[in-house]
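Number of protein chains: 4
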Amino acid sequence: MYSHEFKKRVRYNETDQMGYLYHGHYISYYEIGRVEMLRSLGLSYKEMEEKYRVMMPVMSLQTRYVRPARYDDLLTIRTTLRQIPTQYITFHMEIINEAGKLVNGGSVKLCFVDMENNKTIPPPQFLIDALEGKF
Amino acid sequence: MYSHEFKKRVRYNETDQMGYLYHGHYISYYEIGRVEMLRSLGLSYKEMEEKYRVMMPVMSLQTRYVRPARYDDLLTIRTTLRQIPTQYITFHMEIINEAGKLVNGGSVKLCFVDMENNKTIPPPQFLIDALEGKF
Amino acid sequence: MYSHEFKKRVRYNETDQMGYLYHGHYISYYEIGRVEMLRSLGLSYKEMEEKYRVMMPVMSLQTRYVRPARYDDLLTIRTTLRQIPTQYITFHMEIINEAGKLVNGGSVKLCFVDMENNKTIPPPQFLIDALEGKF
Amino acid sequence: MYSHEFKKRVRYNETDQMGYLYHGHYISYYEIGRVEMLRSLGLSYKEMEEKYRVMMPVMSLQTRYVRPARYDDLLTIRTTLRQIPTQYITFHMEIINEAGKLVNGGSVKLCFVDMENNKTIPPPQFLIDALEGKF
Numbered sequence: 001m002y003s004h005e006f007k008k009r010v011r012y013n014e015t016d017q018m019g020y021l022y023h024g025h026y027i028s029y030y031e032i033g034r035v036e037m038l039r040s041l042g043l044s045y046k047e048m049e050e051k052y053r054v055m056m057p058v059m060s061l062q063t064r065y066v067r068p069a070r071y072d073d074l075l076t077i078r079t080t081l082r083q084i085p086t087q088y089i090t091f092h093m094e095i096i097n098e099a100g101k102l103v104n105g106g107s108v109k110l111c112f113v114d115m116e117n118n119k120t121i122p123p124p125q126f127l128i129d130a131l132e133g134k135f
Numbered sequence: 001m002y003s004h005e006f007k008k009r010v011r012y013n014e015t016d017q018m019g020y021l022y023h024g025h026y027i028s029y030y031e032i033g034r035v036e037m038l039r040s041l042g043l044s045y046k047e048m049e050e051k052y053r054v055m056m057p058v059m060s061l062q063t064r065y066v067r068p069a070r071y072d073d074l075l076t077i078r079t080t081l082r083q084i085p086t087q088y089i090t091f092h093m094e095i096i097n098e099a100g101k102l103v104n105g106g107s108v109k110l111c112f113v114d115m116e117n118n119k120t121i122p123p124p125q126f127l128i129d130a131l132e133g134k135f
Numbered sequence: 001m002y003s004h005e006f007k008k009r010v011r012y013n014e015t016d017q018m019g020y021l022y023h024g025h026y027i028s029y030y031e032i033g034r035v036e037m038l039r040s041l042g043l044s045y046k047e048m049e050e051k052y053r054v055m056m057p058v059m060s061l062q063t064r065y066v067r068p069a070r071y072d073d074l075l076t077i078r079t080t081l082r083q084i085p086t087q088y089i090t091f092h093m094e095i096i097n098e099a100g101k102l103v104n105g106g107s108v109k110l111c112f113v114d115m116e117n118n119k120t121i122p123p124p125q126f127l128i129d130a131l132e133g134k135f
Numbered sequence: 001m002y003s004h005e006f007k008k009r010v011r012y013n014e015t016d017q018m019g020y021l022y023h024g025h026y027i028s029y030y031e032i033g034r035v036e037m038l039r040s041l042g043l044s045y046k047e048m049e050e051k052y053r054v055m056m057p058v059m060s061l062q063t064r065y066v067r068p069a070r071y072d073d074l075l076t077i078r079t080t081l082r083q084i085p086t087q088y089i090t091f092h093m094e095i096i097n098e099a100g101k102l103v104n105g106g107s108v109k110l111c112f113v114d115m116e117n118n119k120t121i122p123p124p125q126f127l128i129d130a131l132e133g134k135f
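Protein chains in written order, with the working numbering: chain W, 1 to 135; chain L, 1 to 135; chain V, 1 to 135; chain P, 1 to 135.
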């Protein structure tokens, strides 16, 4: 299991008229979480697309809203990989507020696509290598 | 079962650098679908909040990405209620492209909250009444 | 002078905790306005990029917020071209609410770029042709 | 003159199919810049709304796009106040990329509104006090 935490503040454009972080924006928080986890492993998603020509489209996700987040809250995005990916990769997500309470939990499943021929491929070796020391 | 369809075009600000409708935006499409379904029943979600002081926060949702949608695609948001809500309400969602192919499918579960005391309440009677003719 | 009107409803994800249409979203409304004006002329911005390989990046814009727009308001986006473009193109924008009152006004200046070599080019002839009957 | 800098990374949901930071999102970057400038002065915009019941709606803004920003760029938002506000407040904005080049420049003019009666008021004394040591 490998976990990574990243902090992000709720911005005004992310609030809605309930005064909450709009529920659709958690999906972007999930993305920030997994990109920053990759960065913590020495990997850049930008480079994955540009240099290695591998993209990671989202296949499915599920999310539960436990309590609201509000404007200016400094949230912790905790991203967890429970296993080294074999075909797909699933990130488990928790969004935690400044009081340490769970705001939202979910998971996102992605695949790897070779951008040259648009075919699904197994997880690239550089990702496996970067993860192996962590498990 | 009650289904409703509403069309929405993919806008430039909704695309990402893959050239796809960004996967997080489907959550807003779901919201547009259910609000327009309510309108088709003679109900206004705006009035629900302002006049009846009932809000409908999202409890959970799950979504599957079947094929990409692209800039300027005119998508059909099909929203289905499979039963008259008793405690929570679950909307089943399909996003369909101009070729009639499924782009995305999912479901969203919401509850009803009395905005005066922030307590969960059963589905309001005016909603049950509006739905009863349809089932 | 050529004007075109298009209606767009304010969606929940576009509101902020003031209960207003978030001020940054007007920029997307401007874009919807100009794309739909082009469509009214028989032109597709999508085709401009894909088929003619011409893109129209925004060079500058200015906007004035006159009165707030709110959730579920059905706004009219009025887009006006005051002259046939010679080098750049400037769209004059008005956002009008259901009471016919001006919500926001502004203008956006764009250029034309050949996507093959990333150079600025004059307005494409098919755009001039489409506009000439209107002036 | 008082300037403040804050860094923000371009996220995937902020890109568009040109591969650029979508031009409408700069408006949110401006907001982040001014909120973080206020925080650097010991002021919280959240508290201004909640505790002092003062909100700061945007009256107008203008923006020039100098060169594109791209996915994962770590941009510097430089926010400058040229004078202590008397009636309105104008923030001058520069967005600078990692190479130190100007990406975007602009300015935003806001007013102060008493949320209890929705009337425009002069700049609150605590803001003047916080700024006076800086000029």
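It should be emphasised that the hints constitute simulated quantities derived from the structure, not laboratory data.
Just so you know, not all the hints are guaranteed correct.
To be verified - Heads up, simulated DSS-like pairs for lysine-lysine below, C-alpha to C-alpha not over 25 Å straight-line:
id, chain 1, residue 1, chain 2, residue 2
1, P, Lys109, W, Lys46
2, V, Lys109, P, Lys109
3, V, Lys46, L, Lys8
4, V, Lys109, L, Lys51
5, L, Lys46, V, Lys8
6, L, Lys119, W, Lys101
7, W, Lys134, W, Lys109
8, W, Lys7, W, Lys101
9, P, Lys7, W, Lys7
10, W, Lys101, P, Lys51
11, L, Lys51, L, Lys109
12, L, Lys51, L, Lys119
13, V, Lys101, L, Lys46
14, L, Lys101, W, Lys109
To be verified - Among the chain P residues that face chain V by a calculated CB cut under 8 Å, a handful are:
id, residue
15, Ser28
16, Ile32
17, Val54
18, Met59
19, Ser60
20, Leu61
21, Gln62
22, Arg64
23, Tyr65
24, Asn118
25, Thr120
26, Pro123
Claimed, not checked - Negatives, chain P to chain L, calculated, CB over 12 Å:
id, residue
27, Met1
28, Tyr12
29, Asn13
30, Gly19
31, Arg39
32, Glu49
33, Lys51
34, Tyr71
35, Pro85
36, Thr86
37, Tyr88
38, Lys101
39, Glu116
40, Pro124
Small disclaimer: the values here were computed from a predicted structure and weren't measured.
For every residue, glycine included, the Cβ atom is placed at its ideal position computed from N, Cα and C.
How the hints compare with the structure:
{"no.": "1", "hint": "P/Lys109 x W/Lys46", "result": "35 Å, violated"}
{"no.": "2", "hint": "V/Lys109 x P/Lys109", "result": "20 Å, holds"}
{"no.": "3", "hint": "V/Lys46 x L/Lys8", "result": "16 Å, holds"}
{"no.": "4", "hint": "V/Lys109 x L/Lys51", "result": "42 Å, violated"}
{"no.": "5", "hint": "L/Lys46 x V/Lys8", "result": "16 Å, holds"}
{"no.": "6", "hint": "L/Lys119 x W/Lys101", "result": "20 Å, holds"}
{"no.": "7", "hint": "W/Lys134 x W/Lys109", "result": "20 Å, holds"}
{"no.": "8", "hint": "W/Lys7 x W/Lys101", "result": "14 Å, holds"}
{"no.": "9", "hint": "P/Lys7 x W/Lys7", "result": "14 Å, holds"}
{"no.": "10", "hint": "W/Lys101 x P/Lys51", "result": "24 Å, holds"}
{"no.": "11", "hint": "L/Lys51 x L/Lys109", "result": "23 Å, holds"}
{"no.": "12", "hint": "L/Lys51 x L/Lys119", "result": "17 Å, holds"}
{"no.": "13", "hint": "V/Lys101 x L/Lys46", "result": "20 Å, holds"}
{"no.": "14", "hint": "L/Lys101 x W/Lys109", "result": "22 Å, holds"}
{"no.": "15", "hint": "Ser28", "result": "5 Å, holds"}
{"no.": "16", "hint": "Ile32", "result": "11 Å, violated"}
{"no.": "17", "hint": "Val54", "result": "12 Å, violated"}
{"no.": "18", "hint": "Met59", "result": "6 Å, holds"}
{"no.": "19", "hint": "Ser60", "result": "4 Å, holds"}
{"no.": "20", "hint": "Leu61", "result": "6 Å, holds"}
{"no.": "21", "hint": "Gln62", "result": "4 Å, holds"}
{"no.": "22", "hint": "Arg64", "result": "4 Å, holds"}
{"no.": "23", "hint": "Tyr65", "result": "6 Å, holds"}
{"no.": "24", "hint": "Asn118", "result": "10 Å, violated"}
{"no.": "25", "hint": "Thr120", "result": "13 Å, violated"}
{"no.": "26", "hint": "Pro123", "result": "19 Å, violated"}
{"no.": "27", "hint": "Met1", "result": "34 Å, holds"}
{"no.": "28", "hint": "Tyr12", "result": "6 Å, violated"}
{"no.": "29", "hint": "Asn13", "result": "5 Å, violated"}
{"no.": "30", "hint": "Gly19", "result": "5 Å, violated"}
{"no.": "31", "hint": "Arg39", "result": "27 Å, holds"}
{"no.": "32", "hint": "Glu49", "result": "19 Å, holds"}
{"no.": "33", "hint": "Lys51", "result": "21 Å, holds"}
{"no.": "34", "hint": "Tyr71", "result": "6 Å, violated"}
{"no.": "35", "hint": "Pro85", "result": "32 Å, holds"}
{"no.": "36", "hint": "Thr86", "result": "36 Å, holds"}
{"no.": "37", "hint": "Tyr88", "result": "29 Å, holds"}
{"no.": "38", "hint": "Lys101", "result": "20 Å, holds"}
{"no.": "39", "hint": "Glu116", "result": "20 Å, holds"}
{"no.": "40", "hint": "Pro124", "result": "30 Å, holds"}
Checked against the numbered hints above, the structure violates hints 1, 4, 16, 17, 24, 25, 26, 28, 29, 30 and 34; every other hint is satisfied.
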